[in-house]
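Each chain is listed here by its residues.
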Amino acid sequence: MELDSAMMSRMLTSLTLVFHIIFATVGVGIPVMVSIAEFIGIKKKDANYTLLARRWARGFTITVAVGVVTGTAIGLQLSLLWPKFMQFAGNVIALPLFMETFAFFFEAIFLGIYLYTWDRFKNPIYHWLLSIPVVIGATMSAFFITTVNAFMNTPQGFDLEGRTLTNVDPLAAMFNPATPTKVFHVVSSSYLTSAAILAAIAAFAILKKNASDYHKKALKLTMVATFIFAITTAIAGDLSAKFLANEQPEKLAAAEWHFETEKNADLIVFGTLNEDNEVENALRLPNALSFLAHGSFDSEVTGLNEFPEDETPPLWIHYMFDLMVMLGMYALGVSFLYLLFSKLKKWNENNKWLLWLIVINGPGAMLAIEFGWIFAEVGRQPWILRGFMKVAEGATTSPHVDWMFVLFLALYVVLGGGAISVLRKMFKNNPAELELEKRYPDVAKRGGHK
Amino acid sequence: MSYEMIGITVLWIFLYGYLIVASVDFGAGFFAYYAKTTKQDHIINQLISRYLSPVWEVTNVFFVFFFVGLVGFFPDSAYYFGQSLLIPGSIAIVLIAIRGSFYAFENYGSKKSNFFMFLYGATGLLIPASLSTAMTISEGGFIEETDNGVRLLTGELLTSPYSWSVVFLAIVSVLFISAAFLTFYASKANDQPALELMRKYTLFWGSPTIIASLTTFIAMSQHNARHFEKMLDLWWMFGLSVAFFLGALLLVYQQKRYGLAFIFVMFQFFFAFFGYGAGHLPYLIEPFITVESSVTNEAMGLALVIVFIAGLLLLIPSLILLMRMFLFDAEYVKGKK
Ligand code: HDD
Ligand code: HEM
Ligand code: HEM
Numbered sequence: 001m002e003l004d005s006a007m008m009s010r011m012l013t014s015l016t017l018v019f020h021i022i023f024a025t026v027g028v029g030i031p032v033m034v035s036i037a038e039f040i041g042i043k044k045k046d047a048n049y050t051l052l053a054r055r056w057a058r059g060f061t062i063t064v065a066v067g068v069v070t071g072t073a074i075g076l077q078l079s080l081l082w083p084k085f086m087q088f089a090g091n092v093i094a095l096p097l098f099m100e101t102f103a104f105f106f107e108a109i110f111l112g113i114y115l116y117t118w119d120r121f122k123n124p125i126y127h128w129l130l131s132i133p134v135v136i137g138a139t140m141s142a143f144f145i146t147t148v149n150a151f152m153n154t155p156q157g158f159d160l161e162g163r164t165l166t167n168v169d170p171l172a173a174m175f176n177p178a179t180p181t182k183v184f185h186v187v188s189s190s191y192l193t194s195a196a197i198l199a200a201i202a203a204f205a206i207l208k209k210n211a212s213d214y215h216k217k218a219l220k221l222t223m224v225a226t227f228i229f230a231i232t233t234a235i236a237g238d239l240s241a242k243f244l245a246n247e248q249p250e251k252l253a254a255a256e257w258h259f260e261t262e263k264n265a266d267l268i269v270f271g272t273l274n275e276d277n278e279v280e281n282a283l284r285l286p287n288a289l290s291f292l293a294h295g296s297f298d299s300e301v302t303g304l305n306e307f308p309e310d311e312t313p314p315l316w317i318h319y320m321f322d323l324m325v326m327l328g329m330y331a332l333g334v335s336f337l338y339l340l341f342s343k344l345k346k347w348n349e350n351n352k353w354l355l356w357l358i359v360i361n362g363p364g365a366m367l368a369i370e371f372g373w374i375f376a377e378v379g380r381q382p383w384i385l386r387g388f389m390k391v392a393e394g395a396t397t398s399p400h401v402d403w404m405f406v407l408f409l410a411l412y413v414v415l416g417g418g419a420i421s422v423l424r425k426m427f428k429n430n431p432a433e434l435e436l437e438k439r440y441p442d443v444a445k446r447g448g449h450k
Numbered sequence: 001m002s003y004e005m006i007g008i009t010v011l012w013i014f015l016y017g018y019l020i021v022a023s024v025d026f027g028a029g030f031f032a033y034y035a036k037t038t039k040q041d042h043i044i045n046q047l048i049s050r051y052l053s054p055v056w057e058v059t060n061v062f063f064v065f066f067f068v069g070l071v072g073f074f075p076d077s078a079y080y081f082g083q084s085l086l087i088p089g090s091i092a093i094v095l096i097a098i099r100g101s102f103y104a105f106e107n108y109g110s111k112k113s114n115f116f117m118f119l120y121g122a123t124g125l126l127i128p129a130s131l132s133t134a135m136t137i138s139e140g141g142f143i144e145e146t147d148n149g150v151r152l153l154t155g156e157l158l159t160s161p162y163s164w165s166v167v168f169l170a171i172v173s174v175l176f177i178s179a180a181f182l183t184f185y186a187s188k189a190n191d192q193p194a195l196e197l198m199r200k201y202t203l204f205w206g207s208p209t210i211i212a213s214l215t216t217f218i219a220m221s222q223h224n225a226r227h228f229e230k231m232l233d234l235w236w237m238f239g240l241s242v243a244f245f246l247g248a249l250l251l252v253y254q255q256k257r258y259g260l261a262f263i264f265v266m267f268q269f270f271f272a273f274f275g276y277g278a279g280h281l282p283y284l285i286e287p288f289i290t291v292e293s294s295v296t297n298e299a300m301g302l303a304l305v306i307v308f309i310a311g312l313l314l315l316i317p318s319l320i321l322l323m324r325m326f327l328f329d330a331e332y333v334k335g336k337k
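Protein chains in written order, with UniProt numbering: chain A, 1 to 450; chain B, 1 to 337.
Quick caveat, the hints were computed from the structure, so don't treat them as lab data. A few of these clues could be false.
[What the hints assert, rightly or not] Listed next, the in silico DSSO-like pairs over lysine-lysine satisfying Cα-Cα at most 27 Å (straight line):
{"no.": "1", "chain 1": "A", "residue 1": "122", "chain 2": "B", "residue 2": "188"}
{"no.": "2", "chain 1": "A", "residue 1": "216", "chain 2": "A", "residue 2": "84"}
{"no.": "3", "chain 1": "A", "residue 1": "263", "chain 2": "A", "residue 2": "242"}
{"no.": "4", "chain 1": "A", "residue 1": "209", "chain 2": "A", "residue 2": "346"}
{"no.": "5", "chain 1": "A", "residue 1": "263", "chain 2": "A", "residue 2": "44"}
{"no.": "6", "chain 1": "A", "residue 1": "425", "chain 2": "B", "residue 2": "36"}
[As the list claims (entries may be wrong)] Covered stretches of chain A, as calculated for chain B (at least 3 residues, CB under 8 Å):
{"no.": "7", "stretch": "64-71"}
{"no.": "8", "stretch": "108-122"}
[Claimed, not checked] Covered, in the sense of this in silico footprint (three residues per stretch, anywhere, with C-beta under 8 Å from a C-beta of chain B), are these stretches of chain A:
{"no.": "9", "stretch": "75-86"}
{"no.": "10", "stretch": "95-102"}
{"no.": "11", "stretch": "168-179"}
{"no.": "12", "stretch": "414-425"}
Keep in mind the model is a prediction, meaning the values are calculated, not measured. Beta carbons are placed, not taken as given, at the ideal position from N, Cα and C, and that holds for glycine.
Please put together the full structure from these sequences, using the hints given.
Following this line, the structure appears as structure tokens:
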């Protein structure tokens, strides 16, 4: 592997995105959870939920800040590291990028208002209404940026005559074949991950201290949300696989180690490859790949051998896919167990083992996001714009990218460390029980029951 | 109007908007630090944090809007700026990232430490300095195009009087704009000690601002005669700029109408900025690309303009709401909410 500018640009882009996506995901999902909690608090007149919304929103200010600054970084880096790609893409896909800035604007304005107006309205429903634009803004930004990424996978909406672009159609570029499934999967998995992380925090608090009403309610709410979003995410993932089978078959084939085009294709789970690219040590689910790809067990799935060798992605993305799916199943399973336990009176849903499983699910979901993206991005290799521009053609020729990599690595270490330590301080010095007592004294006395 | 003129006008207006709101923010960082080292922080820091807390993200979006819009309307600029600005651009990103996130960390997190205040003050001056590089290289003479792509001539940039005068101008303007705004804000808050202090700063930073503008003019005449000539043709814009500057200083000196004084400062920079920009045309980056040669295709141009108008219809009411809640809500400004 040669560490030229193109390779360094890939590494720096990956570094920034792997870091940004943590905060971006949370940034899309947490407003939804905050809004739900505040609404329940108003409807049930239960200050526990209001406090939940307040505390989540407070933590959110920190993650949003890191999301905004790393997002600004990736936005500029796209031009700094991929000048030729952006020159080309700017002509065709600038529209959603531009719309995204309006979504940010909208979200930033209302987030500012939301955070500073908790006690300003007589009727609390007005304050809740302010959360709606924040939710819309956050989800719309995910939508817009995902259409750009979808465009990189299935570009359309222009003709190329020699080196000149003609017949540009910005809407066709934006609503390309990859857009529907990708947006659905990305948005749903962001909601899932945010719910899972908040659930993990609540479970951890119950494990460390005694189970207060506040934390039990938090856990219940987040676990229900995790369960619902885990289902929608799995559905969206299945649709994404069907999309790949039709439109980007080389990515699916590489992810599934599916070399020969055949009917009744098996799904290969984990395993290793020997020198001759034969699969060993794997779990084989008969006919399952055909089902995943086309919805029937005997359909034909295109194999990797149909494609020229220099246009196929690296085969290690198989593991990324398997890990993502596994973690998705885990989220579904854990939240199902919790709901089952809480329905059956005999069992205690707050037992230690279950709580620990829930704690693990938080980081697990975030890892699934990372694995999913790495799978999706590396699975597009060697293309930066599939079928039109290879990665090496899009990269900067500036020789100094290596130093910038070091600089940004240091930056992300500082930002990550800072965010963690501030968040810990913020909640350690101000436990929920104390805050409840301070802000809503009568609720705290009654223990939250009406 | 053609798409390139609509595009560049919209972008220039947003860059102007960023210039004003970001200057207030950057300068405030410096004043907060300065006040701390001279033990006057009890006077102004509460004022500064009350204004800045709700708006820093909005400020940042102005910037994002500008560079995303630039790539959208003029895709070729992504290539030239991207290739040449890797290092200054990355440095600016790092500074912005540190400033934004540590601002949030400290504000919602713990108490203000000295180190934080220093970072906050220093980045406030370094960010405008590094961002001004983009403006400087667009004058030409600092990048070359070879077989291996476009390249920044770092040596020329670091030894050019013009580029240094721009840096100097950027820094003092930031301090002046910020002081003028905070004077107004303090008067709204009825905070006498803070008002006195900020008023002094405004008067103090007035003269370096005008000196720096003159130096930049002179350096420009040496560096890019074409641009300089065109600016001379637009002498009335710069004349108006100076008139508004004097008007603002006079009002502040006489201790009245601080709001109007700040509006004058905004006009001062409006005319100077647009005079400079109009003289820059038709080039986006001299001599490589003009607005006409680099503009996007018609379909995209139209789509961007439509989105822009729709976006404004959404944003303007929201911004008014934000300002009514924080900037013009007397109770909030006074710290009672
Ligand atoms: C919590 C996160 C999470 C979970 C549990 C899953 N995924 Fe996923 N997946 C993502 C998070 C994600 C993602 C981060 O959102 C990706 C990356 C790029 C994209 O479009 O979505 C993704 C991509 C992605 C792709 C590639 C889409 C493309 O490149 O166009 C496929 C085929 C799947 N997923 C399929 C699944 C299946 C069958 C799952 C079964 C449960 C699953 N995912 C669970
Ligand atoms: C949603 C919008 C996204 C866009 C527009 C985008 C754009 C890009 C670009 C321009 C590259 C460089 C070219 C290449 O190597 O193919 C790239 C590579 C990469 N991106 Fe993305 N990306 C997006 C999301 C993400 C996210 C969220 C992650 C991380 C979790 C990610 C991970 C990567 C990785 C790992 C690579 C390197 C692939 C390789 O070089 O093999 N991307 N992406
Ligand atoms: C699917 C992947 C991504 C998602 C879900 C996402 C979402 C987000 C979110 C929620 C924010 C915080 C915005 C705010 O609160 O103001 C953010 C910031 C940002 N993101 Fe990402 N992002 C993704 C990938 C990218 C990529 C690839 C780019 C590059 C074009 C990008 C550009 C930005 C920018 C410029 C900001 C800062 C905006 C501001 O200043 O407010 N994002 N992103």
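So, going through the hints one by one against the coordinates:
This hinted pair checks out: residue 122 of chain A and residue 188 of chain B have alpha carbons roughly 26 Å apart, not beyond 27 Å. Taking the CA atoms of residue 216 of chain A and residue 84 of chain A, the gap is about 53 Å. The hint is violated against a cut of 27 Å. Our distance criterion of 27 Å between C-alpha atoms is met by residue 263 of chain A and residue 242 of chain A, whose separation comes to about 15 Å. Of the pairs offered as hints, the one joining residue 209 of chain A and residue 346 of chain A holds, with about 23 Å between alpha carbons and a cut-off of 27 Å not exceeded.
Taking the CA atoms of residue 263 of chain A and residue 44 of chain A, the gap is about 55 Å. The hint is violated against a cut of 27 Å. Among the hinted pairs, residue 425 of chain A with residue 36 of chain B is consistent with the structure: their alpha-carbon atoms are about 24 Å apart, no more than 27 Å. Evaluation of the coverage hint for the stretch 64-71 of chain A: fulfilled, as 7 residues show C-beta separations to chain B shorter than 8 Å, against a requirement of three. Figure legend: the stretch 108-122 of chain A, annotated as covered by chain B; annotation consistent (10 residues with Cβ-Cβ distances under 8 Å, at least 3 required).
With a cut-off of 8 Å between beta carbons, the stretch 75-86 of chain A has 10 residues touching chain B; three or more are needed, and the interface restraint holds. Chain B is given as covering the stretch 95-102 of chain A, and this holds because 7 residues of the stretch bring a CB closer than 8 Å to a CB of that chain, at least three being needed. Counting residues of the stretch 168-179 of chain A whose C-beta sits closer than 8 Å to any C-beta of chain B gives 4, which meets the bar of three, so the coverage hint holds. A stretch counts as covered by a chain when three or more of its residues have a beta carbon under 8 Å from one of that chain; for the stretch 414-425 of chain A and chain B the count is 6, and the coverage holds.
The structure does not agree with the numbered hints 2, 5 stated previously, though it agrees with the rest.
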